[in-house]
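Construct the entire structure; sequences and hints are all you get.
Each chain, letter by letter, is given below.
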Amino acid sequence: MTDTALASSALDPTTTGQTAPHGAPRLSVKDLRVHFAMPKRHLFATHRDYIKAVDGISFDLHPGETLGIVGESGCGKSTLGRAILRLIPATEGKIVWLGEDLLALGKSDMRRRRQDMQIIFQDPLASLNPRMTIGDIIAEPLKTFNPGMPASEVKAKVREWMAQVGLVPDMINRYPHEFSGGQCQRIGIARAMVLNPKLVICDEPVSALDVSIQSQIINLLMKLQREFDLSLVFISHDLSVVRHISHRIMVLYLGKLVEVAERDPLYDNPRHPYTQALISAVPLPDPDAERAKQRIVLTGDLPSPVSPPSGCYFRTRCPKATDRCAMEEPPLHQVGPGHRAACHYWDTPMPAPAAE
Amino acid sequence: MTEVPEAAAVGPPPAAAAERPTVLAVDGLNTRFDTPEGEVCAVNDVSFRVREGETVGIVGESGSGKSQVFMSVMGLLAANGRATGSVKFRDQEILGMPPQKLNRIRGAHMSMIFQDPMTSLNPYLTVSRQMTEVLVQHKGMGESDAEKRSVEMLDLVRIPEAKRRIRMYPHEFSGGMRQRVMIAIALLCQPDMLIADEPTTALDVTVQAQILELMHDLKTELNTAIVLITHDLGVIAGLSDRVLVMYAGNIVERGAVREIFYGPQHPYTEGLLKSMPRLTGTEQTELPSIPGQPPNLQHLPSGCNFRPRCAYAFDRCRVEEPAQRDIGPGRAKACHLDAL
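Residue numbers (the working numbering), protein chains in the order written: chain X, 1 to 356; chain U, 1001 to 1340.
Treat each hint with caution, since some may be false.
[Claimed, not checked] To spell it out: a stretch of chain X is covered by chain U in this simulated footprint if at least three of its residues, at any positions, have a beta carbon under 8 Å from a beta carbon of chain U; those stretches are: (1) 41 to 52; (2) 57 to 69; (3) 122 to 131.
[Stated by the list, open to error] Below, simulated BS3-like cross-link-like pairs (lysine-lysine); rule was C-alpha separation at most 25 Å, straight line: (4) U:K1088 / X:K293; (5) U:K1274 / X:K223; (6) U:K1274 / X:K293; (7) X:K40 / X:K107; (8) X:K107 / X:K30.
Worth flagging that the hints you see were computed from the coordinates, not collected in a lab.
All residues carry an ideal CB built from backbone N, CA and C; glycine is no exception.
As structure tokens, then:
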């Protein structure tokens, strides 16, 4: 497609990786909804409950851009990632990829588009077939999409990608269990990259890894993004990791978008009370700062996604909540350039914590 | 990097801490596992003290042996594991103690909580049953007294409506609430020492913040010594007075929390701290990282275990395993380098 020309103009080669590129979006998700029907309560029940795992989410993703998606368990971040690739059927909405709605495509057309979009998973060992050699694992997408490719060419490509992701190409005939977690994640990345995709969805790619290995994988993903003008969707619950790798960040709560902004405004000046609480809850590896900081401790737990609260979903745990929040769902307010937050009171300061 | 910045003192000053009576004394602990591929040494000549009322943080990555040290202490090693050396709890040798005798100490005077609160609670029994059992066993309390005390304990860990919720089953609690129940059970007999093995790793950030806040309050209210085992340096920074850093079965560095974070003296500690992405700070495209992987415990490198990944390694590191040496009051490291 004409995407390459667009990409090179949109992405200044001197960009260090943290300023978001502009230009036409590669991926445009519009009002996406993924609802799961719950089992009927009894045999003759006429009513069914739905879990709205993703509930009306829209965003654009540009070439060379990383969109971070953060939120706690049950916020719908993984469902959203999978729904974009149609690994989970969407209930409603549009997923426009290079100008074409993926949800309108037939099975075989969709399959062809998948060359451009790949995914890497949290548990690196579980996502690799234990009976295949890593050479076969990395070659599988190639063989699937280019059945005519000569074996020698496949092998050369596999070895080239192994080197790219920091694996010794001579290990091509080994099996996944012979590798450590970090190396398995590298294999997963090589498998995702071997078709030269334009979009990679990273679903908690470093959460299962040790700290010293985590930074290696983050660096690798950022290097690949620079070299191949990749668009990344980076799903994680770790706010420090997301800050490091992302240009823009979306914060989800119970399937809804509560705040979206570029990296610095989101972390330096969060507007939604949930984002503020999330950021303040991250334990800092700095004893003085960690002990001095004022933490916003939320009361209670995540409400049940089957029967979410009325009005604003966050109001049951929100220090700012008023009667209005129970009645009226807050729209996404424009609170700054490219910065939107779904809170009636985004403009008022956080109330001081109640005295103990 | 060597200078520790002056600031409000965090935790008790080292001198005061040293005078407090010792709760746990571990000396020359070795833990080995027999595997089909041969013997694996998970803990290698580890010695340390835990004193009354202090919080000791143990940091390390998977396979560093940080959990196995305390599984050995608690007598909870897997069947193929053997621990040698000395573990004294209140001057009484407990390593190799028969389980019946050990049961009088663990649960009552020292207790442990684990990462996953769901698998540590019995799903078939109400919370009430699981709590009162501890008091009836260890304290010889009657059922009604035990229940009253249990409700008080649930109140202490801030479980709302404790009186009603004590009748519930574990699955009726959320993850954060289950971890509170576990902490309540562990504290029922007012133990001298609480061992928390990755207590917040399975929890969401906002729930983790609640549990950390709770542990912080309990620490000041109860004067229980806490051992905090975790890979999360942020959790360690917030709660610990002293820190032990473990790598491949060895303690590689120890010191007061501010010394460890502001003036690490072992290349591994320094590397760990540098490789953490931060919430604030200047632009950086590449995170500093420690190259390579943690060693396979069956094929440890010659000399220093960290040598293949160490940016400072020199000839001596290849041939001679560095012994732990004192580098200041309460401060030691296992590294041939004099200063970083």
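How the hints compare with the structure:
no., hint, verdict
1, 41 to 52, "violated (count 0)"
2, 57 to 69, "violated (count 0)"
3, 122 to 131, "violated (count 0)"
4, U:K1088 / X:K293, "38 Å, violated"
5, U:K1274 / X:K223, "19 Å, holds"
6, U:K1274 / X:K293, "21 Å, holds"
7, X:K40 / X:K107, "30 Å, violated"
8, X:K107 / X:K30, "21 Å, holds"
The structure does not agree with the numbered hints 1, 2, 3, 4 and 7 stated previously, though it agrees with the rest.
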